[in-house]
Amino acid sequence: MAAAPQRHAGVKPSRLEEARAQFARYKEDVKERGKPFYPYAMFHDTVMSLVVVSVIVGLAAIWKWTSYGPHHDGTHQGLLGPEYTAPADPGTTSFVPRPDWYFYFLFYLLRIFKWPESVFLGTVGVPTICLILLFALPFIDVRRERRLLHRPVAVVAAALTILSMAVLTWKGATAKEALASEVIADVPNWVKAEKLPQNAVPGARLFATAGCTACHTYLGTGSSNLGAPDLTQIGTRNLGIDFQIRHLKCPSCVVPGSPMPKFESLGEERLRQLAIFLEASKGKQ
Amino acid sequence: MAYRRPPTKAQLRRQRMEALVNYPLDWLEERSGLVGGVRYFLFRKVPGDVNWMQTLGSAALTAFIVQAVTGVILAMYYKPTPNEAYRSIQNITDHVTLGWLVRGMHRWGASVFIILMFLHMGRVFLFGAYKYPRELNWIVGVLILVLGMMEGFTGYLLPWDQTAYWATVVGINLNGTAPFLGPFIAQFLRAGQEIGADTLTRFYSLHMMLIPGGIIALIGLHLYLVVRLGVTSPPWSKEAAGMALADEEPQPLRPGLTRPVPRGIAAARPEAGGSK
Ligand code: HEM
Numbered sequence: 005m006a007a008a009p010q011r012h013a014g015v016k017p018s019r020l021e022e023a024r025a026q027f028a029r030y031k032e033d034v035k036e037r038g039k040p041f042y043p044y045a046m047f048h049d050t051v052m053s054l055v056v057v058s059v060i061v062g063l064a065a066i067w068k069w070t071s072y073g074p075h076h077d078g079t080h081q082g083l084l085g086p087e088y089t090a091p092a093d094p095g096t097t098s099f100v101p102r103p104d105w106y107f108y109f110l111f112y113l114l115r116i117f118k119w120p121e122s123v124f125l126g127t128v129g130v131p132t133i134c135l136i137l138l139f140a141l142p143f144i145d146v147r148r149e150r151r152l153l154h155r156p157v158a159v160v161a162a163a164l165t166i167l168s169m170a171v172l173t174w175k176g177a178t179a180k181e182a183l184a185s186e187v188i189a190d191v192p193n194w195v196k197a198e199k200l201p202q203n204a205v206p207g208a209r210l211f212a213t214a215g216c217t218a219c220h221t222y223l224g225t226g227s228s229n230l231g232a233p234d235l236t237q238i239g240t241r242n243l244g245i246d247f248q249i250r251h252l253k254c255p256s257c258v259v260p261g262s263p264m265p266k267f268e269s270l271g272e273e274r275l276r277q278l279a280i281f282l283e284a285s286k287g288k289q
Numbered sequence: 015m016a017y018r019r020p021p022t023k024a025q026l027r028r029q030r031m032e033a034l035v036n037y038p039l040d041w042l043e044e045r046s047g048l049v050g051g052v053r054y055f056l057f058r059k060v061p062g063d064v065n066w067m068q069t070l071g072s073a074a075l076t077a078f079i080v081q082a083v084t085g086v087i088l089a090m091y092y093k094p095t096p097n098e099a100y101r102s103i104q105n106i107t108d109h110v111t112l113g114w115l116v117r118g119m120h121r122w123g124a125s126v127f128i129i130l131m132f133l134h135m136g137r138v139f140l141f142g143a144y145k146y147p148r149e150l151n152w153i154v155g156v157l158i159l160v161l162g163m164m165e166g167f168t169g170y171l172l173p174w175d176q177t178a179y180w181a182t183v184v185g186i187n188l189n190g191t192a193p194f195l196g197p198f199i200a201q202f203l204r205a206g207q208e209i210g211a212d213t214l215t216r217f218y219s220l221h222m223m224l225i226p227g228g229i230i231a232l233i234g235l236h237l238y239l240v241v242r243l244g245v246t247s248p249p250w251s252k253e254a255a256g257m258a259l260a261d262e263e264p265q266p267l268r269p270g271l272t273r274p275v276p277r278g279i280a281a282a283r284p285e286a287g288g289s290k
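Just so you know, the protein sequences line up as chains A and B, in that order.
For the first sequence, this note's numbering assigns the number 289 to the last residue and increments by one with no breaks.
For the second sequence, this note's numbering assigns the number 290 to the last residue and increments by one with no breaks.
These aren't lab readings, by the way, just hints derived from the structure by calculation.
There could be a bad hint or two in this list.
What the hints assert, rightly or not - Straight-line distance between alpha carbons at most 27 Å, and here's what the computed DSS-like set of lysine-lysine pairs gives: (1) A:K68 with A:K199; (2) A:K68 with A:K196; (3) B:K252 with A:K35; (4) A:K253 with A:K266; (5) A:K175 with A:K199; (6) A:K31 with B:K59; (7) A:K68 with B:K93; (8) B:K59 with B:K252; (9) A:K39 with B:K23; (10) A:K31 with B:K252; (11) B:K93 with A:K39; (12) A:K175 with A:K196; (13) A:K286 with A:K196; (14) B:K59 with A:K35; (15) A:K199 with A:K288; (16) A:K16 with A:K39.
Work out the full structure: start from the sequences and follow the hints.
Following this line, the structure appears as C-alpha cells:
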C-alpha cells in the first residue's frame with residue numbers, strides 16, 4: 005500500500021499536490037496489481053471491434069436490400085432511407101433541406117429561435133457556449149472525486165445534457181415536412197381566405213411548390229425553420245415588387261446574414277409572379 | 015545433472031529455425047527499436063479492474079479505420095464534378111462489384127463512428143477520467159469529435175443529389191450568420207458566389223485529405239497519452255488503482271458530527287456537497 009503524502013500538521017496539501025500523490029499511487033498500484041494489456045484488455049477490445057464491424061456491415065446490407073429491387077432504383081425509400089435522391093438541381097422547385105441525423109439537434113434548435121432577434125442564439129450562440137463548456141470541463145470540475153454518488157452536480161448536468169440532446173434529435177427527426185404535394189392543395193383556401201386577385205394565383209402555386217414552405221408558414225401551412233417569418237401578411241408591409249424580387253434573387257445582399265437561399269435560378273418571370281403573390285398577401289380578409 | 019548431454023540433432027535444427035524466424039525481428043529491432051515499442055505497448059500493465067465500457071475507445075478507432083479503408087476504395091470510383099458525381103455514385107451503388115457494400119459501410123460507418131465517439135465520451139465523463147493528469151487528453155478528444163462532425167458535414171454533399179445539395183446550401187448559409195467570421199467561413203466553404211463545381215472539389219479535398227489527416231494526427235496523440243498516463247479504474251471499483259487509502263476509510267456523511275474526522279487523503283478531499 006502506498007503511504008499517504010507527508011505533510012506538516014495543520015497544513016492541507018494543495019489540490020495539485022494531492023492529485024500528484026494520487027497519480028503516483030495509481031502508477032504504483034497498476035505496476036503491482038495490474039494485468040498486461042495483451043491478452044486481457046486486448047481480448048475485450050477485439051470482441052468489441054468485431055461487433056462494430058458486423059453492425060456496420062449489417063446496416064449496409066439492410067440499406068441495400070430494403071431499398072433495392074427489380075422494380076425500382078436506389079431512390080426507393082427503404083428501411084434506412086433511399087440510397088440516393090434525385091440529382092442535385094439548383095433550379096428546382098421543391099426540396100426538403102435535411103442534414104444527417106447527428107445534426108438534427110442543431111437543426112431543431114433553429115426552430116426554437118425567431119429571426120432576426122434571437123436566431124443568432126440558435127445558429128452560433130448556444131452551440132458555441134456548449135462547445136466551450138465541453139472543452140473547459142476538466143478545468144471546471146477540478147475535484148478528485150470520481151464516484152458518481154459524490155458528484156451530484158456533474159450527474160444532474162450530464163442527465164440534462166443527454167435529455168435535451170435526445171429531445172432535440174427526436175423533435176428534429178419527426179419534424180413535420182411541408183410536402184409540396186400537400187401544400188399545393190391549400191392554395192384555393194389561401195385565395196379564398198386572403199381574397200387574392202387572379203394575377204396572384206400563379207405566384208401562390210409557385211410559393212407552394214418552390215420549397216418556400218420548408219422554412220416559412222402561410223396561414224398555418226408549412227413548417228417554421230431557421231426562424232423564418234410567417235408570410236401570411238407580408239403584403240401589409242408594402243415592401244414593393246422590386247424589393248421582393250431583389251430579396252428573392254439574393255436574400256443576404258438585401259438582409260445581411262440572411263440564411264435564406266438564393267432563388268435567382270427561378271428566372272425573372274417566376275420571381276415576378278412570386279413577388280406579386282407576396283405583395284397581395286394582406287392577411288385574412 | 016552434472017553431465018550435460020550435447021544437443022540432439024532435432025534440438026539443433028530447432029535452434030536454427032528459431033534464429034531464422036527471429037532474424038527479421040532482430041534486424042528491425044536493432045535498427046529501429048520498433049519491436050521493443052510494440053512489446054511495451056502490448057505488455058504494459060492496465061488496472062486489473064478495467065471493464066467493457068473501456069472498449070468504447072478502441073471501438074471508435076475500429077469504426078474510424080473502417081471509414082478510412084472504405085473511403086479510399088470509394089475514391090477510386092468517385093468523380094468530384096457536378097456532371098459526374100451523381101452518376102459515379104449511382105455506378106458504385108448499382109454496378110461496381112460490392113460497391114453497394116463499400117458505400118453502405120462508409121455511409122453507416124459514419125453514424126456508428128459518431129455514436130461511438132459520444133458513448134466513449136460519456137464513459138470518460140462517467141468515470142471522471144478527464145481529471146488530472148488527463149485534462150489534455152479530454153481536449154484532444156473534443157477536437158476529434160468536432161473534426162468528426164465536420165467530416166459528416168463535408169461528406170454529405172459529395173453524392174450531389176437533392177438532399178445533399180440543399181442541406182449544404184442551408185448549412186453554408188447558417189455558417190454565414192455567425193458574427194465577424196461567418197461570412198468568411200461561408201465564402202471559404204462555397205469557394206465562390208454559388209455552390210458549384212469549386213464547392214464540390216473543395217468539400218472533397220477537405221473530406222478526404224485535410225480533416226482525416228487532422229483526425230489521424232490527433233488520434234495518434236490521443237493514444238500516446240492513453241499509453242503514457244494509463245487508463246482509469248472504474249470509480250466504483252473496490253480495488254481501483256490509486257484509490258487505496260480513500261477506500262479503506264468509510265466516508266462520513268458529515269465529518270466530525272457522527273464520525274471522527276477522517277485521516278489520509280479522504281481528509282484532504284473537499285467536503286461533501288461540493289460542486290460538480
Ligand atoms: C476517434 C475518436 C476516438 C478514439 C479512436 C479514441 C480512442 C481512445 C482509446 C483507445 C482510449 C483508451 C481507453 C478506452 O478505450 O476507453 C481512450 C481514452 C480516453 N479518451 Fe478517447 N478516443 C476518441 C475520442 C474521444 C473523445 C471524443 C473524448 C472526449 C471528449 C475522448 C477522451 C478520452 C480520455 C479523457 C481518455 C482517457 C480515459 C481514461 O484514462 O480512462 N476520446 N480514447
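Now the hints, each set against the structure:
| no. | hint | in the structure |
| --- | --- | --- |
| 1 | A:K68 with A:K199 | violated, 50 Å |
| 2 | A:K68 with A:K196 | violated, 47 Å |
| 3 | B:K252 with A:K35 | holds, 17 Å |
| 4 | A:K253 with A:K266 | holds, 5 Å |
| 5 | A:K175 with A:K199 | violated, 35 Å |
| 6 | A:K31 with B:K59 | holds, 10 Å |
| 7 | A:K68 with B:K93 | holds, 22 Å |
| 8 | B:K59 with B:K252 | holds, 18 Å |
| 9 | A:K39 with B:K23 | violated, 39 Å |
| 10 | A:K31 with B:K252 | holds, 17 Å |
| 11 | B:K93 with A:K39 | violated, 50 Å |
| 12 | A:K175 with A:K196 | violated, 33 Å |
| 13 | A:K286 with A:K196 | holds, 12 Å |
| 14 | B:K59 with A:K35 | holds, 6 Å |
| 15 | A:K199 with A:K288 | holds, 8 Å |
| 16 | A:K16 with A:K39 | violated, 34 Å |
Hint violations for this structure: numbers 1, 2, 5, 9, 11, 12, 16, all remaining hints satisfied.
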